[in-house]
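**Q** Chain by chain, the residues run as shown.
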Amino acid sequence: MSDPIHDDDAELERLLAESAPDEAGREALREAHRQLEKDLLRLADPLPPPDFLNKVMAKVEAEPKRLPASEIRSAVFIAFAALAASVVAFVSSGASPDGVAVSFAQTFVSAREVLVGFASGLAAVWRTAGLPLTVTLAAVVMVSLVGFRRLMGPVNAKAVS
Amino acid sequence: MSLGIMSAEATQPWAEEVRRARRGDSSAFEALVRGMQRPVYGLCLRLLRTEAEATEVAQETFLRAYQNLERFDDSRPFDLWVLTIARNLCLDILRRRQKVQTEDVEPHAPMLASSEPNSEDKAIEKQQRQSLEEAMATLSSDDREVLALYYVQKRTTKEIGVIMGVAPGTIMARLFRAREKLRVRMMAAERGAA
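Heads up: the protein sequence lines correspond to chains A and B, in order.
The first sequence: position 39 = 39 (my numbering), numbered continuously.
The second sequence: position 41 = 41 (my numbering), numbered continuously.
There's no promise every hint is true.
[To be verified] Simulated pairs of lysine-lysine, DSS-like, Cα-Cα distance not exceeding 27 Å:
#1 B:158 / B:181
#2 B:181 / B:154
#3 A:38 / B:181
#4 B:99 / B:181
#5 B:154 / B:126
#6 A:38 / B:126
#7 A:38 / B:154
#8 A:38 / B:158
#9 B:126 / B:181
Hints listed in this document are in silico derivations from the structure and should not be mistaken for laboratory results.
For clarity, every value in this text was computed on a predicted model and none was experimentally measured.
Let's have the full structure, built from the sequences with the hints guiding it.
**A** Written out as structure tokens, the structure reads:
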């Protein structure tokens, strides 16, 4: 660290002159400040309480995790790129907005058929192998929950459980 | 270009920990807290003069630093940024205290221990340090702050200027005036004791 007594002599002399009119007074004051500086330099910052670090980290861990800005930028870029690609594909295939509305309506009609087929298939499986199906579904749900919990971390997992 | 980046990294001692903490590495942030807890708590205690408030504000300082880590400018020193947060939080509390016109709190001087080991040989020196701390505690928060940052935390005038948001050229004058007030208070205390 620099020595303030010698660092900025002109400034110090001006300040000393403000406080002491004669040279003897200034010298005495200069010496008193020099001694005071020595004493001040011996002071040290106190240590924080022993549990300080743990408490800070507990508060930090309790904070919701935020995605880094770079990841958010990447996500926005991917979304826009996908949108642009779909618009390009749509235009290049020669489709018109009218065709889109018809396709949209047809999707609902065919989705109904798919749902009915899926439900009857599920009912058939339930009739023939109900217990294995239940066990398999329960296992899938449990594994998913455990994985989700691990991803969230211990503190946030506690908050949602 | 790369030279510029390299030199900026070389001058910022916390750069790597900050980068890792931004990526979600909590051990990196823990290292930052461990390295900064003493100066942050010390500044808070010297400004607020109560252990409970200083602890609370110092913890809040690190939480704010964590919350705003993405906004932190890498080209600036991390420790000065954190100390500036701590200072601003302390000043908010001091302003609130002035508003409600509360009674002055007890000085913290007896709680401020030296970093040196306690021994009989150093009893007089310890007593002198305690007198100095007590005299310091009677100064204004501005004077305490500038003395603490310069002499206790060994910050340069430029760094203090950054933390306090003032021109570095004014720090020397502030230091002189704070020392002068301290000298007068100590002389008065000595006369009172005699």
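**Q** All hints, please: hold or fail.
**A** Results of checking the hints against the structure:
1. B:158 / B:181: Judged against 27 Å, a Cα distance of about 23 Å means the pair holds.
2. B:181 / B:154: The given pair, whose Cα atoms are some 20 Å apart, holds under the 27 Å limit.
3. A:38 / B:181: Within the cut-off at roughly 16 Å; holds.
4. B:99 / B:181: holds, 25 Å
5. B:154 / B:126: holds, 20 Å
6. A:38 / B:126: holds, 14 Å
7. A:38 / B:154: holds, 13 Å
8. A:38 / B:158: holds, 21 Å
9. B:126 / B:181: Within the cut-off at roughly 22 Å; holds.
Against the hints set out earlier in the document, no violation occurs for any number.
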